[in-house]
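The residues making up each chain are set out below.
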Amino acid sequence: MQQTALQIFVSSHDWVWALWQIIHFVGMSLIVGIVGTMDLRILGLFKSIPIAALRPLVPWAIVGFICNLVTGIFFVTGKTPGPSYYTDNLSFRLKMLFVLLAAGNLIIFQLSGLEGRVYATPAGGTAPTAAKAVAAFSLVAWLLIIFFGRIMQYNDTLLLFLGL
Amino acid sequence: MAAVLDYLQNLALANWVRSSPSLFAYSTVLAAHAVGLGIVVGLNTLIALRLLGVAPGIPLTGLRSLYGIIWIGFVINLVSGLLLFIAEAHTMATMVAFWAKILFVAFGMIVAELLKRFYFRDVVSVQGGVVTRVGRNLAIISLVCWYIALIAGRLTAYPDMVNGWLHLSGSGT
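In order, the protein sequence lines correspond to chains A and B.
The first sequence maps to residues 1 to 164 in the numbering used here.
The second sequence maps to residues 1001 to 1173 in the numbering used here.
Be aware that one or more of the hints could be misleading.
Stated by the list, open to error - Below, in silico cross-link-like pairs of lysine to aspartate or glutamate (DMTMM-like), each with a Cα-Cα straight-line distance of 25 Å or less:
hint	chain 1	residue 1	chain 2	residue 2
1	A	132	A	115
2	A	47	A	115
3	A	79	B	1160
4	A	47	B	1113
5	A	47	B	1122
6	A	79	A	156
7	A	132	A	88
Unchecked claim - So the derived label-pair ranges between C-beta atoms look like this:
hint	chain 1	residue 1	chain 2	residue 2	range
8	A	70	B	1012	36 to 44 Å
9	A	2	B	1068	52 to 60 Å
10	B	1166	A	16	13 to 21 Å
11	A	93	B	1136	38 to 46 Å
12	B	1134	A	129	37 to 45 Å
Bear in mind the hints are in silico, worked out from the structure with no lab data behind them.
Note that the Cβ used here is the ideal one computed from N, Cα and C, for glycine as well.
Next comes chain A alone, as it looks inside the complex (with noise of 0.2 Å):
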């Protein structure tokens, strides 16, 4: 049971893991407010903003997910257990299935010419109904995407939930 560099660093000083999980928090928002207000326009919300406008926006949100995925990385290889920790729990196993959804779900929109039929909506205008479908995905994943992480503290309420 030898720790890595980076457990013992994280043992060793308790502001490592609070300042990764400010971090993550903050990626989160940055994710949320700009991805879930794509989303929401999409939906056909705030139509007066041409969709197109927001995406000078999507470069903060790419920090944002950038952010999360290292400091990611940094909890599931520096938690002290070992990487297990995180892999063997359920809200975590869920929390990646969702990420890659969304993942695929935008991958969807950009090689499907959504992207560009999107960009091309004005103020006012109306998206098409196969980008309503694409946004109402994305809102949803990364609702449970935030849902999943955040209770993962707390997995036995969910496996209890499920019969476990």
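Following the hints, complete the assembly by docking chain B onto the known chain A.
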């Protein structure tokens, strides 16, 4: 004060949130609080970024439509926050980080309302849609409030560490 905290913490609802093994007790309330945080901090960040010059194509009048969603996020967090507070009333009420969070959430919401009620009306009708220094300053104040609130809220999970910084003794309970 202690009597009030005792009363709150012994409410059946507080006991349920704190101790029930149900997915819908502590787990869901905590998750809802994170969702509300994402909505409130995320949308206020988006508005501040627009005022600071990112995404200038977003019409400033269009930003006003985001405030309805901000208020939904705020109400989610007011309700979930009250439940989380009563569940651990004594612990929360004695934490400096908790009260700092509440203070900066209040400041953040006041700045948000100032922007919505006064600034966005003026910027369109009086200033011809150009973001003035007042707008940029409000955006910076908004970001400072929300990220201090976020950091302070996160630090409530580490009472011993924060007490150590503040040279306070005790286990944080």
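Consistency of the hints with the structure:
1. With a CA separation close to 11 Å, the supplied pair residue 132 (chain A) and residue 115 (chain A) stays within the 25 Å bound.
2. A C-alpha spacing of about 17 Å is found between residue 47 (chain A) and residue 115 (chain A), which places the hinted pair at or below 25 Å, so the restraint holds.
3. The suggested pairing of residue 79 (chain A) with residue 1160 (chain B) holds, with an alpha-carbon distance near 19 Å, which does not exceed 25 Å.
4. At most 25 Å may separate the alpha-carbon atoms for a hinted pair to count; residue 47 (chain A) and residue 1113 (chain B) meet this at roughly 21 Å.
5. For a cut-off of 25 Å, the pair hint linking residue 47 (chain A) to residue 1122 (chain B) stands: about 21 Å separates their Cα positions.
6. Restraint check for residue 79 (chain A) and residue 156 (chain A): the C-alpha separation of about 19 Å stays at or below 25 Å, so the hint holds.
7. With a C-alpha separation of about 35 Å, the suggested pair residue 132 (chain A) and residue 88 (chain A) falls outside the 25 Å cut-off, and the hint is violated.
8. Separation of residue 70 (chain A) from residue 1012 (chain B) is about 43 Å and conforms to the stated range, judged on CB atoms against 36 to 44 Å.
9. Checked against the hint of 52 to 60 Å, the pair residue 2 (chain A) and residue 1068 (chain B) passes, with Cβ atoms roughly 54 Å apart.
10. The supplied range of 13 to 21 Å is met by residue 1166 (chain B) and residue 16 (chain A), whose beta-carbon atoms lie about 19 Å from each other.
11. At about 44 Å, the beta-carbon gap between residue 93 (chain A) and residue 1136 (chain B) stays in the expected band of 38 to 46 Å.
12. Take residue 1134 (chain B) and residue 129 (chain A): their Cβ atoms lie about 42 Å apart, and the range 37 to 45 Å holds.
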